[in-house]
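Generate the whole structure from the sequences, applying the supplied hints.
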Amino acid sequence: MNVRYTQDQLKELLANSHKLTENTSLFEGMHIYTILKAKEPGYITKKGYNLIIDEVVLTPNNKDWEEWEKYPENSNKNRFDLDQDNYWVLADANNLAERTVMSTQEILNMELAQKKNNIFVSYSN
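Quick note: the sequence shown uses UniProt numbering, first residue 1, plus one each step.
Since the hints were made in silico from the structure, they are not lab data. Wrong hints could be hidden among the right ones.
[Unchecked claim] When the alpha-carbon atoms are kept at most 27 Å apart in a straight line, the in silico BS3-like pairs for lysine-lysine are as follows: (1) LYS63 to LYS39; (2) LYS11 to LYS37; (3) LYS19 to LYS115; (4) LYS47 to LYS19; (5) LYS77 to LYS47; (6) LYS116 to LYS63; (7) LYS116 to LYS39; (8) LYS63 to LYS11; (9) LYS70 to LYS116; (10) LYS115 to LYS11; (11) LYS11 to LYS116; (12) LYS47 to LYS11; (13) LYS46 to LYS116; (14) LYS46 to LYS11; (15) LYS63 to LYS46; (16) LYS63 to LYS77; (17) LYS11 to LYS70.
[Said to hold, decoys possible] With beta-carbon atoms standing in for the labels, derived distance ranges: (18) ASN16 to ASN109: 35 to 45 Å; (19) ASN125 to LYS11: 42 to 52 Å; (20) GLU12 to TYR71: 31 to 41 Å; (21) ASN78 to GLU12: 36 to 46 Å; (22) ASN125 to LYS63: 19 to 29 Å; (23) ALA15 to PHE80: 39 to 49 Å.
On a predicted model such as this, the values are computed, not experimentally measured, just so you know. C-beta atoms are modelled at their ideal positions from N, C-alpha and C, and glycine is treated no differently.
Following this line, the structure appears as structure tokens:
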């Protein structure tokens, strides 16, 4: 289900959510919103506020960890040697099957790298 927001709803979402920072603590069920404010219509955007992605933070389950272990960069790591409390699943809120296990720092780095003058990254509590 793809949720559509009006301009007023997106403005309210920004007003009622918190800016994501490098000091933000992640938690189960947290939504991270990436919103673009476009000055002119673009190829996939309209003028005004555009919700680029709504992601939800979840606790990894065994299947998530099994998928994580399949990536070549994780082949020399053992999930049981990690501080698993520092790892989360980041999933598309509109398609929870699209999920990736990442550390808190990886999530924050990725999300904060998107912040530009006209891109806002915020979260719900």
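Tested hints:
Proposed proximity of LYS63 and LYS39 is contradicted: the alpha carbons are some 42 Å apart, above 27 Å. Of the pairs offered as hints, the one joining LYS11 and LYS37 holds, with about 10 Å between alpha carbons and a cut-off of 27 Å not exceeded. At most 27 Å may separate the alpha-carbon atoms for a hinted pair to count; LYS19 and LYS115 meet this at roughly 10 Å. Among the hinted pairs, LYS47 with LYS19 is consistent with the structure: their alpha-carbon atoms are about 22 Å apart, no more than 27 Å.
Using a Cα cut-off of 27 Å, the hinted pair LYS77 and LYS47 is violated, with the two alpha carbons roughly 45 Å apart. A hinted pair counts as satisfied when its Cα atoms are at most 27 Å apart, and LYS116 with LYS63 does not qualify at roughly 35 Å. Our distance criterion of 27 Å between C-alpha atoms is met by LYS116 and LYS39, whose separation comes to about 14 Å. Between LYS63 and LYS11 the CA atoms are separated by roughly 37 Å; this puts the pair beyond 27 Å, and the hint is violated.
Proximity of LYS70 to LYS116 is assessed by CA-CA distance (about 33 Å); at most 27 Å being required, the pair is judged violated. Distance hint between LYS115 and LYS11 is fulfilled; the C-alpha atoms sit about 17 Å from each other, no more than 27 Å. Note on LYS11 and LYS116: the hinted pairing holds, with a Cα-Cα distance of about 17 Å set against a maximum of 27 Å. The suggested pairing of LYS47 with LYS11 holds, with an alpha-carbon distance near 14 Å, which does not exceed 27 Å.
Restraint check for LYS46 and LYS116: the C-alpha separation of about 18 Å stays at or below 27 Å, so the hint holds. Only pairs whose Cα atoms come within 27 Å are accepted, and LYS46 paired with LYS11 is accepted, the gap being roughly 15 Å. Between the alpha carbons of LYS63 and LYS46 the distance comes to roughly 38 Å, so the proposed pair goes past 27 Å and is violated. For the suggested pair LYS63 and LYS77, the alpha carbons sit about 16 Å apart, so the restraint of at most 27 Å is met.
A threshold of 27 Å between alpha carbons decides the hint, and for LYS11 with LYS70 the separation of about 40 Å lies outside it, so the pair is violated. For ASN16 and ASN109, the hinted distance range of 35 to 45 Å is not satisfied, since their beta carbons lie about 25 Å from each other. A C-beta distance of roughly 18 Å is found between ASN125 and LYS11, which places it outside the suggested range of 42 to 52 Å. Distance hint check for GLU12 and TYR71: the Cβ-Cβ separation is about 38 Å, which falls inside the suggested range of 31 to 41 Å.
In this structure, ASN78 and GLU12 meet the distance hint of 36 to 46 Å, their C-beta atoms being roughly 45 Å apart. ASN125 and LYS63 have their C-beta atoms about 28 Å apart, which keeps the hinted 19 to 29 Å range intact. Separated by about 43 Å at the C-beta atoms, ALA15 and PHE80 satisfy the suggested range of 39 to 49 Å.
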